[in-house]
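Participant: Letter by letter, the chains look like this.
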Amino acid sequence: MVTIGFRAQKEWVSERPPAIFVGTLAPAIYIVSLFYGIGIGLLIAWILVVVKLLILYGFTANKAHQKYVVNRWRTSWVSRGAAGLVLFLLFAGLYILGVNVAGIKVITYPPAIQGVLFALSLITAGFIMIYDGFVQAVNKPITFWANGSLPIIFVSEAAFSGILFVDSLVPSLISNNLPYADIMLTLLAYSLSLQLWTSNNNDVAGREAVRKLIKGELSGFFWAAVTLLLILPAILTNIAPYYTPIIYVDTALTLIGMYLMIYSIIRVGIYKPLIYPWSYPARV
Amino acid sequence: MRLAMALDLRRCIGCGTCVIACKVNNLLPKGVRNIRLLDWEEGQYPFVKRRVLLVQCMHCENPPCVTVCPTGASYIDKGGVVRVDPNKCTGCKSCIMACPYGARTLLEKIEPYYGEPTPYDKLIEAKWTLNTIIKCDFCYDKIMPAIDKGMKPGVDPEATPYCVLSCPTNARIFGDLDDEESPIVQALKSRKYMVLREELGTQPKFFYLL
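Those sequence lines, one after another, are chains A and B. Positions 112 to 395 (this note's numbering) are the ones given, in order, by the first sequence. Positions 11 to 220 (this note's numbering) are the ones given, in order, by the second sequence.
Careful: at least some of the hints might be erroneous.
Stated by the list, open to error - Capping the alpha-carbon separation at 20 angstroms, the derived lysine-lysine pairs in PhoX-like fashion look like this: (1) A:Lys251 / B:Lys103; (2) A:Lys121 / B:Lys145; (3) B:Lys137 / B:Lys159; (4) A:Lys174 / B:Lys119; (5) B:Lys202 / A:Lys174; (6) B:Lys33 / B:Lys145.
Quick caveat, the hints were computed from the structure, so don't treat them as lab data. Fair warning: this is a prediction, and the values are worked out from it, not measured in the lab.
The shape of chain B in the complex, shown without the other chains (with noise of 0.2 angstroms):
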């Protein structure tokens, strides 16, 4: 099993709501935010474009955040999923900038959102330990008991990241690359994509669908 997701840009009308959806239901601490939006103008006025573009991890098949790593702390998961053990990273940043997407942040600090700590802000400090890597893991501690119970990654809700489930115009495609009858593999055969970075042969498994 090879998970990976795409992103058709003809769809993304870059809103937000993914990296918001993220970032609420992963609990992601004030000042970390697992994708990043890049948004930003082309041409001269009057004839100018808005461009909008998604940034994450991209969970490569040679991640460089791996190899560099000293304490074996990021590492490939079930599913080919990049993740981070907690209990190994000693938040040395050489992940940080190994990692071309720029998808990683050192947790330094837990603050709440606005003044006196919420509920919210709560379990958001008993998540997370201090100084350690957060990162996107394609929602893992969500989808794998389901891809274990027989759900089809991309197909079943409890089998698919949170922010491919809130994209209102279905821009974010997701499933198993191993499985032809994936939405993933179907997209990837129909239309024209491409990574980011293809020369630095990291073999992302984000694609953009052109």
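Next up, chain A with everything else stripped away, as it sits in the complex (with noise of 0.2 angstroms):
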């Protein structure tokens, strides 16, 4: 056997977490807001995304050759979540702008057409959650995001904290979502067990991958994000569910339990080593 080496993925591991955090976040805001019909809810999500479009536009080097991501739709990821993005904040900002935010309503839109803003916003704000997890699972040189379970992964602990969120603006809720609430933790939790297990039987890079989350340089933030994701508020909402301060402590820890979990996930990007296990015979 030989290996000279694993080689860590290095771009975009800065940009990405803080990208994704936002990016799945936000619609998950959105779609609980708007069934609730919460305006502030709806508001800050539509915001959020415009932070993710930013950050997107903000990481790329050539930003004069942004133009040309939208011919691109059918065969790239990227693209297809720009175009995501920018149809979500179209169809989102027009029904913002029928639905009362904080005591103003900017126009009132015949039933039907607010039904097809609802439906379209609705549409793209599910796709601009689920994209994030296809764009890093295309990239089948790294195995452990080459993983069926890792759009789960991120569409979960997105609705968890989303859910959390609107609650946190809105405590009367809580009782209403805490089995949505419930039914997502534990398929985060089925989800994220299912990326390790399969990665760690993979090939070496997955392997690899998983070392270093569980006992390697990353551990401290994996484990932190179990801990603040997982662990604390399982306890918390099954302590007290009811109780309002709970609630936005709950929704603090899952918040940041959430951008660590994205960042171990993105900071243990690694290839696997382009000789291993094969050594061919010297004979120079």
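Hints are included, so try docking the two chains, each in its own frame, into the full complex.
Facilitator: See the structure below:
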């Protein structure tokens, strides 16, 4: 067996985690707010998507060529995502204008148009919530990312955090949302376990990534994420689910945990060594 | 026409001449290499062996860099050569991330090699666009006009990349996979060969002769 070391993925390491964080959290907040008609939640989500777009725009080195992105939606998840973000901003922006946000309602739409905007903004929000996972998962050389569980992890953690975020905006919704939050937390725990297990049993790069997360240099971030995103919320929501201050603490911990989880996952991207396990005959 | 390259691992001595030939003839800026020379030791002293492996763009038939490019800047050109259009590249680095072979570099700055810019440095500055991707393109601008004139890739020097021409041990073989008489087809027929990361389904067109 020969190995000359793993090559870490170094691109986007600092920019991707915040982009994925706001990019998955925002649509989750939007969808929950949409169903309960919480105007301020819709507006916060819309602003977060603008932030995401600015981050994406910020880390492309050659900004003058951004216009070509729209041509490639058929083949590239990056361009599909960018198109989805723009469409979401358009549809959600129009929808929000017709919703009461902090006592202000700009336009009153006919019910049919309101319904169409509701549906279109919901579809685009759902799309931008899932696409980040796919952007990462199409990177086949990085075993830990090229895993079907990854999009589910991103979606479930965002949905859980989004539910808690809206609960902290309107604490009276806690009793309604608690079962959904529990489902998302269970889904997250399951998909994360599956991700670690399949990566560990896939190939040497996957195994190395899991080692880095569990007991390597990223273990601090990873275990902090697991504690803040999975363990503490599960305990806190079961101790006193309807006690309002708990929900604020819970939301804050969950958001920190979500960011740390995304950061750990992005940082742990490593390529399989090109010459492992092959060694050619030395007959020079 | 499917242009491809092979590296004879029995002949390659890891001298790095191809790396330098590529760098000089393609006016590659400081810090950019289209060919990487991996060099490592195997075994325990005193029974050690030195191993070398040259890695560059594999010009895959199913290139992951092309399918992730959000602007169409990475594309497959004539002869199956994977190229980058600097006029479309946003420098988003998606292709760097997707390439299993580490064959792409983002040109973030152009610096003179030694202090004051030389005429060579000025040529480099004029050639490249900042914040775009640089990668091997089989010396496309050199070989393609010659191929269009009817010259044979891998046989006629004008239709052959600089790395192949410069190799002191003839370890590099170039040609057209669709031409039965091409040197590369002959080599692949007569020798065992392998490609890197075959399991990813990228179908590389850079072969290692064992």
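Participant: For every hint, state whether the structure bears it out.
Facilitator: Hints, verified against the model:
About 15 angstroms separates the Cα atoms of Lys251 of chain A and Lys103 of chain B, which keeps this hinted pair within 20 angstroms; it holds. Restraint check for Lys121 of chain A and Lys145 of chain B: the C-alpha separation of about 18 angstroms stays at or below 20 angstroms, so the hint holds. Restraint check for Lys137 of chain B and Lys159 of chain B: not satisfied, since their Cα atoms lie roughly 25 angstroms apart, outside the 20 angstroms limit. Distance restraint check for Lys174 of chain A and Lys119 of chain B: the Cα-Cα separation of roughly 16 angstroms lies within the 20 angstroms cut-off, and the hinted pair is therefore satisfied.
At roughly 46 angstroms between alpha-carbon atoms, Lys202 of chain B and Lys174 of chain A are farther apart than 20 angstroms, so this suggested pair is violated. Taken as a hint, the Lys33 of chain B and Lys145 of chain B pair is honoured in the structure, with Cα atoms around 11 angstroms apart against an allowance of 20 angstroms.
Violated hints, in rising order: 3 and 5; the structure is consistent with all others.
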